[in-house]
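Visitor: Keeping the supplied structure of chain A fixed, place chain B upon it in accordance with the hints.
Okay, here's what each chain looks like letter by letter:
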Amino acid sequence: NAGVTQTPKFQVLKTGQSMTLQCAQDMNHEYMSWYRQDPGMGLRLIHYSVGAGITDQGEVPNGYNVSRSTTEDFPLRLLSAAPSQTSVYFCASSYSSSGVTDTQYFGPGTRLTVL
Amino acid sequence: GQQLNQSPQSMFIQEGEDVSMNCTSSSIFNTWLWYKQEPGEGPVLLIALYKAGELTSNGRLTAQFGITRKDSFLNISASIPSDVGIYFCAGQASGTYKYIFGTGTRLKVLA
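Heads up: the sequence lines are chains A and B, in that order.
Residue numbers 10 to 124, in this note's numbering, belong to the letters of the first sequence in order.
Residue numbers 2 to 112, in this note's numbering, belong to the letters of the second sequence in order.
Bound conformation, chain A alone (with noise of 0.2 Å):
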């Protein structure tokens, strides 16, 4: 299993571009969520699914838009980047039954810096 892979690896963009961050996972799990990463703060939770077709927006999901059209894949879309989205963008994955999501599995991470 090559676990949960994310591209590209590392992202420049000017304000006001649009892109696209991939997030792919070969475990079969149902749920799947982005973070993103800020010296100091943690990882905070910017959306979420739990299955194909489910999706529910975390803690700071201004700005991104999500969709789950297959179980496998979880792309995160920024509109129009803004230098506040500078960051660095983990995609986990884990397994989930009957409202409980086991432990999570994290991707390499895509390092976003918006001029």
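Heads up, some of the hints might be wrong.
What the hints assert, rightly or not - Label-pair restraints from in silico Cβ distances:
| hint | chain 1 | residue 1 | chain 2 | residue 2 | range |
| --- | --- | --- | --- | --- | --- |
| 1 | A | Ser-78 | B | Val-45 | 24 to 30 Å |
| 2 | A | Thr-79 | B | Ser-78 | 27 to 33 Å |
| 3 | A | Gln-26 | B | Phe-13 | 36 to 42 Å |
| 4 | A | Gly-62 | B | Phe-13 | 46 to 52 Å |
Said to hold, decoys possible - Here are the computed lysine to any residue pairs in the SDA-like style, where the Cα-Cα straight-line distance is at most 25 Å:
| hint | chain 1 | residue 1 | chain 2 | residue 2 |
| --- | --- | --- | --- | --- |
| 5 | B | Lys-99 | A | Gly-25 |
| 6 | B | Lys-109 | B | Ala-53 |
| 7 | A | Lys-18 | B | Lys-37 |
| 8 | B | Lys-52 | B | Gln-65 |
| 9 | B | Lys-109 | A | Gly-49 |
| 10 | B | Lys-99 | A | Val-97 |
| 11 | B | Lys-52 | A | Thr-112 |
| 12 | B | Lys-99 | A | Glu-68 |
| 13 | B | Lys-99 | A | Asn-37 |
| 14 | B | Lys-37 | B | Gly-86 |
| 15 | B | Lys-37 | A | Val-69 |
No lab work stands behind these hints, which were simulated from the structure alone.
Values in this document were obtained by computation on a predicted structure and should not be read as measured data.
We treat Cβ as the ideally placed atom computed from N, Cα and C, and that holds for glycine.
Guide: Just chain B now, with coordinates in the frame of chain A:
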């Protein structure tokens, strides 16, 4: 957004010393996780705790799920240089899919 209180924020210790860190929350959690993150990498799961009072070990690492369900502790015995990194706790409340993360404890080990 809600975050856990994790302490200490950073630690500098000598190789061979034991390390203790903890997380506290105002909410009750059903699950506690402890992760380690090295520079340029994603967090890697160390220990998962599912029951109040549970004590679980993984090599030199031991973690406990607090009796009140509002805290958790991680101990590292006989530290070595490769223990360097940021350690995060994460908690999951009942009836929710979401995990809340602590702000991390940065550990540096001096040889």
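Visitor: For Lys-109 of chain B and Ala-53 of chain B, compute the direct alpha-carbon distance and say whether it is at most 25 Å.
Guide: Violated, because 30 Å separates the two Cα atoms, which is more than 25 Å.
Visitor: What's the verdict on Lys-99 of chain B and Gly-25 of chain A, does the C-alpha distance respect the 25 Å limit or exceed it?
Guide: violated, 30 Å
Visitor: When you check the alpha-carbon spacing of Lys-99 of chain B and Asn-37 of chain A, does it fall within 25 Å?
Guide: Answer holds: Lys-99 of chain B to Asn-37 of chain A is near 19 Å, not above 25 Å.
Visitor: Compare the distance between the alpha carbons of Lys-37 of chain B and Val-69 of chain A with 25 Å, and conclude whether the hinted pair is satisfied.
Guide: holds, 23 Å
Visitor: Check whether the Cα positions of Lys-52 of chain B and Gln-65 of chain B lie no farther apart than 25 Å.
Guide: holds, 9 Å
Visitor: Take a quick look at whether Lys-99 of chain B and Glu-68 of chain A sit within 25 Å of each other, Cα to Cα.
Guide: holds, 10 Å
Visitor: Between Gln-26 of chain A and Phe-13 of chain B, does the C-beta distance stay in 36 to 42 Å?
Guide: Given range 36 to 42 Å: holds, Cβ gap about 41 Å.
Visitor: Quick one, are Lys-52 of chain B and Thr-112 of chain A close enough, alpha carbons at most 25 Å?
Guide: Satisfied, since the Cα-Cα distance of roughly 14 Å is no more than 25 Å.
Visitor: Starting from Lys-99 of chain B, check that the Cα of Val-97 of chain A is at most 25 Å away, please.
Guide: holds, 19 Å
Visitor: Holds or violated: the 24 to 30 Å window for the beta-carbon distance between Ser-78 of chain A and Val-45 of chain B?
Guide: holds, 29 Å
Visitor: If you draw a straight line from the CA of Lys-109 of chain B to the CA of Gly-49 of chain A, is it 25 Å or shorter?
Guide: Holds, at roughly 16 Å.
Visitor: Between the beta carbons of Gly-62 of chain A and Phe-13 of chain B, is the distance compatible with 46 to 52 Å?
Guide: holds, 48 Å
Violated hints for the displayed structure, listed by number in ascending order: 2, 5 and 6.
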